[in-house]
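Chemist: Each chain is listed here by its residues.
Protein chains: 2
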Amino acid sequence: MSNQGLVVVGSVAFDTLEIRDVKKEMVLGGSGSYFSTCAGYFSPVRLVAVVGDDFPAAHLDFLSSRNVDTSGVEKKAGKTFHWSGRYSDDLSSRTTLDTQLNVFADFRPELPQAWRQSEFLFLGNIHPALQLEVLDQIKDPLLVAMDTMNFWIGGGELPTLKKVLERVDLLVVNDEEARQLSGEHNLPKAARAIRAMGPETVIVKRGDAGALLFHDDRVFATPAFPLETVVDPTGAGDSFAGGFMGYIAKARDLSAQSVRRAMVYGTVLASFTVEDFSLDRLRRLTQAEIDARYRAYRDLTHFEELHL
Amino acid sequence: MSNQGLVVVGSVAFDTLEIRDVKKEMVLGGSGSYFSTCAGYFSPVRLVAVVGDDFPAAHLDFLSSRNVDTSGVEKKAGKTFHWSGRYSDDLSSRTTLDTQLNVFADFRPELPQAWRQSEFLFLGNIHPALQLEVLDQIKDPLLVAMDTMNFWIGGGELPTLKKVLERVDLLVVNDEEARQLSGEHNLPKAARAIRAMGPETVIVKRGDAGALLFHDDRVFATPAFPLETVVDPTGAGDSFAGGFMGYIAKARDLSAQSVRRAMVYGTVLASFTVEDFSLDRLRRLTQAEIDARYRAYRDLTHFEELHL
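Chains as they are written, first to last, in this note's numbering: chain S, 1 to 308; chain D, 1 to 308.
To be clear, the hints were calculated from the coordinates, so they are not data collected in a lab. One thing to keep in mind: the hints can contain errors.
One copy or any two copies: either way a pair holds, since identical chains are not told apart in the list.
What the hints assert, rightly or not - List of simulated lysine-lysine pairs, DSBU-like, C-alpha gap at most 30 Å: (1) K163 <-> K23; (2) K23 <-> K139; (3) K189 <-> K139; (4) K250 <-> K163; (5) K24 <-> K79; (6) K23 <-> K162; (7) K189 <-> K76; (8) K24 <-> K162; (9) K24 <-> K189; (10) K76 <-> K23; (11) K79 <-> K189.
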């Protein structure tokens with residue numbers, strides 16, 4: 001069994017959020033936190049991250065209680081990564097007010113020996129050179145997926161990023177990142193160009209317009225789940241990736257049907273995350289609620305059969 | 001049989017389009033042209049519109065060849081409605097360069113007597129007072145749907161528009177119009193507010209993000225069909241409405257399943273329209289192509305079953 005498992009390398013952070021009239025200070029955030037909590041609903045998760053000595057044990061205890069092995073979370077002297085941002089009133093855009101990398105600035109992800117034969121790996125949005133180091137540490141995974149961001153695409157690290165792309169199976173990016181990376185505005189063309197760089201599968205996230213999966217000559221479209229109440233969009237993309245990879249790791253099935261279900265679980269998990277601040281909705285989210293929304297999502301998108 | 005049929009009241013126009021490096025002058029356009037050509041694939045269409053004495057017989061002959069009864073197209077002395085616009089290079093926005101209403105300025109839609117017991121009516125985007133006049137001319141229709149635009153929502157005609165809304169079953173608007181009309185940014189909330197104004201069903205079009213159908217307490221989401229080549233977005237919304245209403249008029253079935261299929265046919269027709277300038281793609285579009293894309297659309301959106 002030691003070769004099974006899902007490893008995620010990402011950030012565990014404090015977020016300070018200004019959303020409409022509310023300010024939330026130093027709440028739990030970071031791509032690794034959202035990803036692993038969401039993935040943990042489906043499969044055990046092995047989290048590789050770094051926190052400072054100011055990081056509360058209660059946060060790690062929470063993750064541990066959610067099927068997340070935190071023994072790969074390094075605790076270093078200093079402060080934890082802290083991001084501050086303000087959202088526009090319609091939640092369609094956000095401004096970074098402050099980024100304190102702190103201990104994350106010197107993060108050198110080191111996979112515990114027992115995790116180096118894990119079958120599934122998700123490379124969160126870290127420096128592409130570090131993503132390469134992680135790839136060198138893992139042996140024959142079944143599926144490697146990665147995230148990245150405009151900062152690495154537009155900067156001097158693009159050649160390094162391209163080396164990572166050559167070695168991964170799946171890229172998850174948002175629409176603007178896909179356009180920037182490919183130089184193509186049209187998303188199907190952008191996805192084709194990116195697939196030629198290495199990843200056999202490309203997922204383009206489009207915020208409240210949903211996501212598109214490009215694989216072989218097929219496309220699968222997942223509209224966002226319509227919600228009357230959206231409180232905090234932070235972590236929606238990481239929750240999508242967590243739900244997606246968690247389901248894949250559970251199913252151990254890379255067929256088109258399995259990957260499509262993973263897209264839906266990713267969409268479902270993201271739809272819960274945005275219903276409250278930070279990870280608060282996930283703290284009280286039950287498996288039964290996930291199952292019910294999965295069925296509701298089927299009703300949202302399917303035609304032809306009777307659902308009445 | 002005289003009480004059956006689908007009536008559309010809309011514009012038949014000349015468009016002058018500037019898209020990327022191409023300028024197309026005085027090509028066939030107008031909501032009524034797109035709507036009726038698309039609806040004609042499914043059901044006979046009765047078109048109520050006005051053109052000037054400069055309007056080529058060939059255009060009317062084209063519509064007639066497509067299942068469209070043009071005996072409700074009034075020919076008046078003067079020039080035909082002429083719209084000119086330029087699109088941004090990524091086709092996401094357009095600027096109106098010139099609008100010459102010409103004979104359309106005095107359009108007073110008059111339904112031929114034999115059409116006044118038609119079962120299905122689509123009120124295109126005309127002055128709300130004229131939409132009311134048309135409603136007074138039709139007897140006991142099964143379904144009345146309407147379009148409108150920001151110009152009527154934001155202007156002094158809002159009270160008149162609200163009278164129309166009270167009398168229709170279905171409103172088709174884009175996302176910005178839905179937000180403006182309801183005062184709600186969130187689309188599910190906006191749709192709920194609009195449904196309280198009269199229409200039992202609301203369809204919100206979101207351009208390349210697809211469309212949402214709100215009906216009872218259910219939502220149905222149709223992502224746009226992903227295309228590598230988009231040439232001219234003009235008429236996409238009218239084509240959607242035409243495919244939608246054409247299918248409904250053919251099926252004569254207002255069940256949830258039927259309305260969902262209509263949403264998909266609307267999406268499919270719109271996806272063809274944008275593949276070429278003006279109505280050029282529709283001129284060569286075959287029923288077999290529509291059927292094939294309907295199946296492709298099912299593959300785009302369905303999970304759970306095997307499609308391989």
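Chemist: As a check of your reading, is K23 near K139 (CA-CA no more than 30 Å) within one copy, between copies, both or neither?
Modeler: The answer is neither: 44 Å in one copy and 57 Å across copies each exceed 30 Å.
Chemist: With identical chains treated as interchangeable, where does the CA-CA distance between K76 and K23 reach 30 Å or less: within a copy, between copies, both, or neither?
Modeler: within (28 Å within a copy, 63 Å between copies)
Chemist: Quick one: K163 to K23, C-alpha cut-off 30 Å, is that within a copy, between copies, both, or neither?
Modeler: Neither: 40 Å inside a copy, 43 Å across copies.
Chemist: Quick one: K24 to K189, C-alpha cut-off 30 Å, is that within a copy, between copies, both, or neither?
Modeler: between (40 Å within a copy, 26 Å between copies)
Chemist: Cα distance capped at 30 Å. Does K250 pair with K163 within a copy, between copies, both, or neither?
Modeler: Classified as within; 29 Å inside a copy, 55 Å across copies.
Chemist: Go through the copies and call it for K24 and K79: within, between, both or neither, with a Cα cutoff of 30 Å.
Modeler: For K24 and K79, the Cα distance is within 30 Å only inside one copy (19 Å; across copies 61 Å).
Chemist: Please sort K189 with K139 into within, between, both or neither, judging by C-alpha distance up to 30 Å.
Modeler: Neither: 32 Å inside a chain and 49 Å across chains, both beyond 30 Å.
Chemist: Within a copy, between copies, both or neither: which one fits K23 and K162 at a CA-CA cutoff of 30 Å?
Modeler: Neither: 38 Å inside a copy, 39 Å across copies.
Chemist: Pop the pair K24 and K162 into one bin, within, between, both or neither, using alpha-carbon distances up to 30 Å.
Modeler: Classified as neither: same-chain Cα gap 37 Å, cross-chain 41 Å, threshold 30 Å.
Chemist: When no copy is specified for K189 and K76, does a C-alpha distance of 30 Å or less occur within a copy, between copies, both, or neither?
Modeler: neither (44 Å within a copy, 46 Å between copies)
Chemist: Please sort K79 with K189 into within, between, both or neither, judging by C-alpha distance up to 30 Å.
Modeler: neither (43 Å within a copy, 42 Å between copies)
Checked against the numbered hints above, the structure violates hints 1, 2, 3, 6, 7, 8, 11; every other hint is satisfied.
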